[in-house]
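Chains as they are written, first to last, in our numbering: chain A, 1 to 982; chain B, 1 to 95; chain C, 1 to 189.
If you are wondering where the hints come from, they were derived from the structure by calculation, not from laboratory data. One or more hints might be untrue.
Derived DEER-like restraints, expressed as beta-carbon distance ranges [claimed, not checked]: (1) Arg-416(A) with Gly-20(B): 28 to 34 angstroms; (2) Ala-265(A) with Asp-88(C): 42 to 48 angstroms; (3) Glu-37(B) with Ala-141(C): 53 to 59 angstroms.
Sample of chain B residues facing chain C (criterion: CB under 7 angstroms; computed from the structure) [to be verified]: (4) Lys-19; (5) Asp-26; (6) Asp-29; (7) Gln-61; (8) Asp-63.
Computed from a predicted structure; not experimentally measured. The beta-carbon is built from N, C-alpha and C at its ideal position, and this holds for glycine as well.
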Amino acid sequence: MTQTNRIGGRLIDRSRSLSFTFNGRAMQGHPGDTLASALLANGQQLVGRSFKYHRPRGIFSAGSEEPNALVQLRRGAAQEPNTRATVAELFDGLEATSQNHRGPLEYDLLAATDLLAPFLGAGFYYKTFMWPKSFWEKLYEPAIRSSAGLGRLSMEPDPDRYDHGYLHCDLLVIGAGPAGLSAAVAGGRAGARVILADEDFRPGGRLNAETLEIDGAPGHDWARTALAELAAMDNVRVLSRTTVYGAYDHGIYGALERMTDHLPASGGKPRQVLWRIYAHRAVLCAGATERGIAFGNNDRPGVMLAGAVRAYVNRWGVAPGKRVAVFTNNDDGWRTATDLRAAGVDVAAVVDSRGDVTMSLDGARVETGGAIVDTAGRKGLNRITLQNGDRIEADCLAVSGGWNPNVHLTCHQRGRPTWRDDIAAFVPGGALPPGMTVAGAAGGALTLAAALREGRETANTALEDLGFTASREPAPKAEDEAAGITPFWHVAASRKRAWVDLQNDVTAKDVKQSHAEGFRSVEHLKRYTTLGMATDQGKTANVLGLAILAQAAGRSIPETGTTIFRPPYTPVPIGAFAGRARGRDFRPYRLTPSHKWATEQGATFVEVGMWLRAQWFARPGETGWRDSVDREVEMTRNSVGICDVTTLGKIDIKGRDAAEFLNRLYVNGFAKLSVGRVRYGLMLREDGIAYDDGTTARLGENHYVMTTTTANAVTVFRNMEFARQCLWPDLDVHLISTTDGWAQFAVAGPNSRNLLRKVVDAAHDISKDAFPFMACAEVTVCGGTPARLFRISFSGELAYEIAVPARYGDAMIRALMAAGEEFGAIPYGTEALGVMRIEKGHAAGNELNGQTSAHHLGMGRMISRKKDCIGNAASERAELSREDGLRLVGLRPVDHGAKLDAGAHFIERGDASPSMASDLGWMSSVAYSPSLGHSIGLGFVRRGDARMGDIIRAYDPVRGKDTEVEIVSAHFIDPEGERLRA
Amino acid sequence: MIIHHPLLGPRDAAEFVYKGDVTLIDRPDWQAEDAAEAFHDYLYLRDNPAGEHRELWFHEQGDRSWLVVTRNTLTHEITKVELARDVARERGRSR
Amino acid sequence: MPDLTLTPTPPLDGYAQDFAGTRLAEASELAIVAVATPAGGETALEAAVKAAYGTGTPAPGASILSKDGKARLVWSGPDQMFLLFTHDAPDAEAGVAAALGQAGYCTDQTGVWAALEISGPGVRGALERLCPLDLHPDAFAEGAAARTVMEHMGAFVIRTGSDAFLLLSASSSAKSFLHAVELSVRNTA
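Build out the structure end to end from the sequences listed, making use of the hints.
Structure (structure tokens):
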């Protein structure tokens with residue numbers, strides 16, 4: 001097919017042709033075309049089927065407001081549904097297909113739906129598919145879903161990549177039409193940092209589409225000159241293909257830049273970038289969007305907005321029809337007729353709803369005070385019928401119901417548009433986002449001269465606010481074109497369906513019916529009829545809909561009000577919001593210093609927060625994780641095992657008041673801890689619930705090193721800073737995290753001292769007496785590398801933790817393993833660590849779960865009554881401290897072959913009807929104990945400390961289990977602590 | 001949101017962590033007669049104003065300052081930002 | 001008995017790479033020592049710093065070079081600064097502590113951080129995809145230093161030249177950080 005409707009075109013490059021396909025048919029266009037302009041050039045009026053009734057639809061607009069021409073672009077995984085053909089930039093090889101039809105577009109099998117329209121009015125689904133209830137999921141919903149809707153997803157992962165970014169400016173100018181260009185030039189010349197963002201690939205706004213002149217030159221030439229001036233300025237950044245989609249707090253704007261959508265392939269670069277723009281001031285120059293008029297069968301392909309017809313003719317050199325009629329209620333519609341005429345297109349008639357119009361167009365039929373009641377043409381317009389019964393042949397009808405300022409971004413915080421009778425439209429009102437002002441058509445200044453002037457003046461005011469010297473040179477000169485309007489919304493004489501919202505198939509009758517059924521608020525109208533929903537958010541429909549509602553209600557439009565716009569202004573792909581956060585890049589990983597070594601050992605890793613920790617180290621011949629974990633436990637308890645414990649939080653505490661500070665953080669006393677000693681400490685939340693635990697070592701007079709649990713490292717630091725700055729601001733105490741600074745390894749087992757003797761330099765005596773349980777020291781290892789040695793034990797064995805500067809961690813694990821070879825030293829992972837701590841009865845995250853108190857943990861007596869500490873007061877509350885409350889105990893299955901499960905609740909043996917009232921507590925941690933040869937558990941049992949030896953039931957209705965367990969001491973291993981003091 | 005840090009100027013709220021009402025500074029005296037009552041109120045009773053609210057934010061991804069931010073809960077307008085340490089001293093906290 | 005002498009491995013293994021317009025390189029021998037100001041000891045610390053480094057302490061948001069240009073003093077908090085200097089032995093803290101006497105509380109931070117230098121004409125374009133700070137020279141002049149968050153990772157950004165920055169981020173997530181920076185460079189190259 002050739003470009004039968006191409007008649008020229010000022011802003012396309014006709015020297016080059018681009019090939020593309022629509023529904024498989026090969027077509028040609030030119031650089032500068034949108035898919036819509038190219039389709040029209042090729043005579044393709046029918047481009048899709050409507051959402052609900054499958055009515056034939058064509059291109060309605062020439063911009064991002066398009067309700068009809070939604071198409072699928074590309075193929076395979078890159079297929080993108082619901083793309084507006086009016087903003088899709090043509091490229092060579094573009095493949096586009098139409099949506100929402102079964103069978104060919106021209107012969108949609110579902111078009112029969114339209115015949116049922118009398119039954120499918122507003123609220124049809126709500127009213128109809130009420131019963132029987134069971135039909136909804138199985139029958140109604142699948143049937144509706146398969147017939148309704150728009151495009152189809154590829155159901156493959158999105159092959160494109162997206163990015164985020166941050167931009168800063170003094171002045172953000174949103175929209176590069178006459179007002180925006182005028183504003184940006186003012187900002188640029190004043191030396192401000194300016195960002196000018198425009199959604200089009202060719203900035204210029206309506207200047208590109210009009211024949212108006214500025215300073216005696218064609219407007220689009222002026223735009224080109226202004227853009228060239230801006231491009232040459234270092235302080236100005238012009239972002240074309242960029243939609244500012246949201247106005248957020250404190251001058252932050254969201255913008256989507258389409259980087260490669262206009263290219264056949266993205267070349268490995270992000271397809272789109274989501275910008276966060278920080279702007280001291282913003283000028284909204286978003287222009288205005290034309291609206292239609294409701295009359296019978298006003299949805300046929302060929303019925304278009306008048307301004308869009310003008311744009312296709314002027315910008316793209318495309319005649320949307322051979323013989324065009326115009327229907328308008330305002331002066332602007334007439335310019336479509338004159339521009340068409342100037343371009344040599346036959347103007348069939350101008351129908352103006354106003355009776356008092358004196359305009360005329362040579363040789364064209366003019367109907368003043370007229371209206372169109374119906375149209376004809378199966379897949380495209382071929383005739384219109386006037387109210388007086390006259391029929392006029394036309395294959396395109398340009399409709400103008402007036403222009404709505406694009407107030408969207410002014411509403412994103414507290415703005416509430418107000419009605420202006422003189423232009424019959426809503427303009428920005430209420431409190432605009434702080435820092436935002438509006439210029440040009442977006443603010444209701446609908447003529448060119450006004451836009452240029454306002455852009456300049458608004459920018460100058462903002463610039464002077466910011467301390468810049470504005471040039472104050474006059475704005476470029478242009479005529480104030482005629483822009484009179486007399487509101488006219490709906491041809492009441494039409495007996496055919498008159499469409500208000502083309503995208504959602506909402507008619508004037510639907511609006512009235514919804515009002516009749518009591519949906520009188522515009523917000524209710526929107527929800528009930530779906531008016532203004534979906535991809536276009538009613539840009540061409542909303543005001544028309546609420547005007548009809550106002551008429552039905554006998555109220556004025558301001559009384560009726562308007563719906564409020566929320567971000568985004570136009571659709572933003574979820575992928576763009578996600579940015580890089582996909583797959584492996586979803587979040588960062590923290591690696592321990594022995595990670596490389598552990599990988600070489602074939603470790604299985606587990607995610608612990610952001611950390612990757614070795615979970616176990618499988619050896620050849622081991623058939624499952626239990627084999628590895630059991631071996632790691634046994635080898636550690638029998639000889640020596642090594643575990644990377646770097647992930648525990650480490651906080652360096654310094655200052656004259658460090659001891660006092662610690663005393664106020666931990667429930668137990670720290671004031672008297674000697675240099676060279678370590679103490680276990682328990683922290684509470686201020687509400688008395690157990691929060692975190694760990695050891696703190698005193699390395700010097702004013703120097704302590706605290707360890708926190710891995711999970712709470714960040715929040716403990718945060719809370720300590722709160723205590724330091726906000727509770728006791730005059731203590732001399734200083735905190736800094738050193739978690740990543742030290743590679744720390746637990747060396748545990750009866751041979752741990754023997755192993756360490758080979759590593760710790762001989763100058764340091766680590767004998768039993770010189771370096772007893774809970775000792776700590778700064779030492780050197782392996783011939784002079786500084787290290788910290790702590791004799792602490794999580795496993796219950798004779799054990800140490802040795803820390804070296806993080807960069808030596810890889811070398812240290814290798815040295816430890818080499819030194820341990822003669823003892824059969826093994827590395828152990830977090831699973832074996834967990835088994836051993838359960839065997840030893842140490843509380844961990846499962847026990848410090850935000851519900852338990854020190855008393856529950858059996859540590860009530862640790863709370864010092866002689867001092868204040870965080871949580872001290874609240875921990876004494878009756879429920880947290882009662883004598884007959886929960887206590888942490890060990891649990892052993894009566895049948896040693898039984899496996900225990902965490903999460904089981906405890907009940908008495910004879911309890912026939914378990915209930916909340918008879919609940920005794922719960923199992924918090926379980927493990928298979930290789931040391932004991934059976935499953936063991938830790939749990940909280942009411943009065944558990946007084947019930948040693950009692951048998952109760954671990955009742956687990958979720959898993960269908962009911963297991964008899966004996967209450968025992970939580971210290972399954974070495975209850976007297978002989979091993980760890982060895 | 002943007003918080004104007006008293007030392008560092010405007011910084012994105014993403015760098016901060018929110019805690020809550022500024023009254024969390026006023027931790028009661030544990031030895032007072034009515035300590036239990038006072039801690040109850042301190043822990044659980046908050047005003048929930050539609051309007052100006054003084055609240056604690058931590059510049060966790062910054063200089064680790066706790067700040068007292070005066071923010072209008074209706075408009076998000078921030079009218080004052082102070083170092084919490086100074087506010088704590090003003091409210092009588094010391095050692 | 002095997003030789004157990006320990007050899008350090010910097011967190012990015014000494015990474016260095018040139019891209020079109022941008023160079024990325026680990027500053028693998030950069031030592032970092034945090035110095036906290038004792039309560040009431042501002043004057044004493046100021047004097048000790050002056051004596052040891054020939055300069056005052058840095059103002060909020062700034063860094064300054066020592067008189068001999070070998071150390072950079074970075075403001076890191078209301079009562080804390082970081083000293084950055086090239087030093088390839090694990091005793092940086094002792095050196096600073098000796099230089100300052102009792103005037104400041106020193107804590108070695110060398111191992112806490114990975115240091116990545118990014119330089120070249122494409123540097124701001126790349127950092128735009130990552131860094132929420134305004135790095136325009138008017139807003140972030142040479143010597144400016146700020147701690148912020150990039151791709152969920154905390155980071156110091158220090159401007160060391162008109163087209164050169166030093167980035168510090170946690171050593172445990174250094175590889176993710178490098179990946180994020182590399183990707184930003186690639187995305188904008």
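Evaluated hints:
no.: 1; hint: Arg-416(A) with Gly-20(B): 28 to 34 angstroms; result: 31 angstroms, holds
no.: 2; hint: Ala-265(A) with Asp-88(C): 42 to 48 angstroms; result: 47 angstroms, holds
no.: 3; hint: Glu-37(B) with Ala-141(C): 53 to 59 angstroms; result: 54 angstroms, holds
no.: 4; hint: Lys-19; result: 18 angstroms, violated
no.: 5; hint: Asp-26; result: 22 angstroms, violated
no.: 6; hint: Asp-29; result: 23 angstroms, violated
no.: 7; hint: Gln-61; result: 4 angstroms, holds
no.: 8; hint: Asp-63; result: 4 angstroms, holds
Checked against the numbered hints above, the structure breaks hints 4, 5 and 6 and satisfies the rest.
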